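Colleague: Here's the letter readout for the chains.
Protein chains: 2
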Amino acid sequence: MFEIISLQNGIDNVRGFYSNATDAGLKNTGNDLAFIKSDLLCDISAVFTTNRFAAAPIKHFKKYPKDFQTNFILINSKNANAMTSKEGIEDIEDILEYAKQKDNSITHPLMSSTGVIGYRLPKEKIKKGLDKFDFSTKDSNATANAILTTDTFKKELCFKVILEDKKEFFIAAICKGAGMINPAMATMLCFIVTDANIPKNDMNELLKNAVDNSFNKISVDGDTSTNDTVMLLSNKKSGAYDKDAFKTALEMLTKELALLILKDGEGSNKVVAFEVKNAASLNDAKKASTSLSNSLLVKTALFGEDPNWGRIGSTIGASGIECDEDKLTISYDDLIVYKNGKNIMDKEIEKKAIKILKQESFKITCDLGIGNFSDIAYGCDLSYEYVKINADYRT
Amino acid sequence: MFEIISLQNGIDNVRGFYSNATDAGLKNTGNDLAFIKSDLLCDISAVFTTNRFAAAPIKHFKKYPKDFQTNFILINSKNANAMTSKEGIEDIEDILEYAKQKDNSITHPLMSSTGVIGYRLPKEKIKKGLDKFDFSTKDSNATANAILTTDTFKKELCFKVILEDKKEFFIAAICKGAGMINPAMATMLCFIVTDANIPKNDMNELLKNAVDNSFNKISVDGDTSTNDTVMLLSNKKSGAYDKDAFKTALEMLTKELALLILKDGEGSNKVVAFEVKNAASLNDAKKASTSLSNSLLVKTALFGEDPNWGRIGSTIGASGIECDEDKLTISYDDLIVYKNGKNIMDKEIEKKAIKILKQESFKITCDLGIGNFSDIAYGCDLSYEYVKINADYRT
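Protein chains in written order, with the numbering used here: chain A, 1 to 395; chain B, 1 to 395.
Keep in mind that the hints were calculated from the coordinates and are not lab data. All values reported here derive from a predicted model rather than from experimental measurement. Treat the hints with caution; some may be incorrect.
Identical chains share a label here; the pair holds if one copy fits it or two copies do between them.
[Stated by the list, open to error] SDA-like cross-link-like pairs, simulated, lysine to any residue; straight-line CA separation at most 20 Å: (1) 287 - 320; (2) 287 - 50; (3) 167 - 248; (4) 327 - 69; (5) 236 - 91.
Given these sequences and hints, build the entire structure.
Modeller: Here it is, written out as structure tokens:
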């Protein structure tokens, strides 16, 4: 038995972790450079983008020896340091060398970046930003805000986990991500820190599972970025650990952050769960649920609050899976609108469907009626705002 | 040697073909029911959607014996007769039986539909529409307009082909398609008629190739519909034929129609060619060019006329192909903006790039610098209009 309590102030709660942010002049206004530091060396696990043009910070990370420990991450927004070739990595090394000169306790420092692709980092601005930091301060709120790009609100969570023997540990995270969110963890950064006494093997295993069931289940626009990063750092400072408890807390944390990202999807107004049931295989179920969460026609119908279930059916049919319209049932929440080849949406049912579609979140279920495999993906609507934000992104 | 001359008035030119349209009350206003008839029986070749929920007209077509001949197609807009189970096919049989009673020369009649998915055809309205037809009239313009849905202009072409021996034949087509255009020939209907004396084997071979190189190369929104249909009918009435000449004319016809569809893509303002050069395999080249034409982030940057080539690079990296940023070159028309891992877009080049992006059509080239395989796909930008049209489609 264990207890999980949600707390304010994110990373600030976690023993031995410090974080803060400053305005280094990368964005037009507001903080754009942040750090996370631990007073003890941390084990680290990370999951990165599958994009072949992984950004320089990811390549830099991978240059460290296997199972290295770190106590410092520098994070900037506005510039992704992606597609910058070997110079992008050299820029990071230069900046982090400067950080080490300022604080000789810094070991195997990391950098993480998000923003526009294809531009070298403004090194001098970042170094001047580093000069302003006091590494012994805690301001999770400022840090969570500094790493945002098109996000409209900060994403910051903390759980206190109380074990059966009354020992306790903390796990906290800050996260960014708005558009370009594909079921492949796109344009998002997430930094999870914990003082749990978790073994490195458990970190790797539990982080991968948690990411698969959270960030890899959501889609804003089906694009996969160059910079996606989820990191888990543990400094073991609490001495407390229980695998089940940690797994539960980590999954709650990542799931909740994933839904926050979706809620903040560029210009999105709704979070929709797409459940595909009774598919012939798990692969079919995943393919169909992902196709639904990515379909432009489904997304625009959601924005229009139009119970145009034909587009849902058509997307299932186009997804390349085994299916049969005479066995298919489509529902909005528990309201069936199509059953075994028949449209059963009369005026009365249509009114109820529109009511469901007007909600901020709901579920669309496609029961394929063929096998025993199910999957859920999460998506959002596509609004004028999405187009506006992305037509003007660089400016 | 042969000569190809473009003519006005589409199908009207082709010997032995008749077509016209009427207002059967399916749409709120305007014609919505049309026919194409030939006085001689025609060989027919067809390419249909890959959607598993192929619409009733497609299933009805496939019930005829192999190599059947026909002389009649009935086409309606507003209702797709898709996901209507066996009743959808019975409705077609009932309607076409009625047509045969009106004109007993009608043989193996076909139906083709486009519009909203999931509703039974209004049979009585359609029969009353049939009553209004005179099958000996020619009005290609009315026919081309009646089959439109969200299209903003009719798509109608005719070529006269003059062979070396001065014999000549005609090939003409009408076509519809605006949104839901994927590189899998989505939500489009195309009816091609010819009086060329073409053998059935050539029809199958040449139509498939022409579709692969035209309709299957364009993308508006990456969705694949239930109703896509391209039909080629030949009544041989000219007695003239030459394979090379026919191939050339058919390819010109389908390519031009495909670009018209793209130009009319829902809310689109630009037609963009995405060329991927020097890929490791043809499959890689196709995967990358298709990913570019489908990417929401690329499409919105095109709408914003923003030379944000980082999104092009990122899409290439995410497409799952073999690539290396240090070997990649990205150009807008002939203007190089990224070369071998380096952003070379200074203020001067950026100004030139913006000028190119302001054009109605241009080319984006990604030279992967790895192998010898190339492919071109065509796409369009994504505007506020697209969202508006598709949020409100059923109303």
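Colleague: All hints are to be evaluated individually against the structure, with a verdict given for each.
Modeller: Verification of the supplied hints:
no. : hint      : verdict
1   : 287 - 320 : both (8 Å within a copy, 16 Å between copies)
2   : 287 - 50  : both (18 Å within a copy, 16 Å between copies)
3   : 167 - 248 : within (16 Å within a copy, 79 Å between copies)
4   : 327 - 69  : neither (54 Å within a copy, 33 Å between copies)
5   : 236 - 91  : neither (31 Å within a copy, 70 Å between copies)
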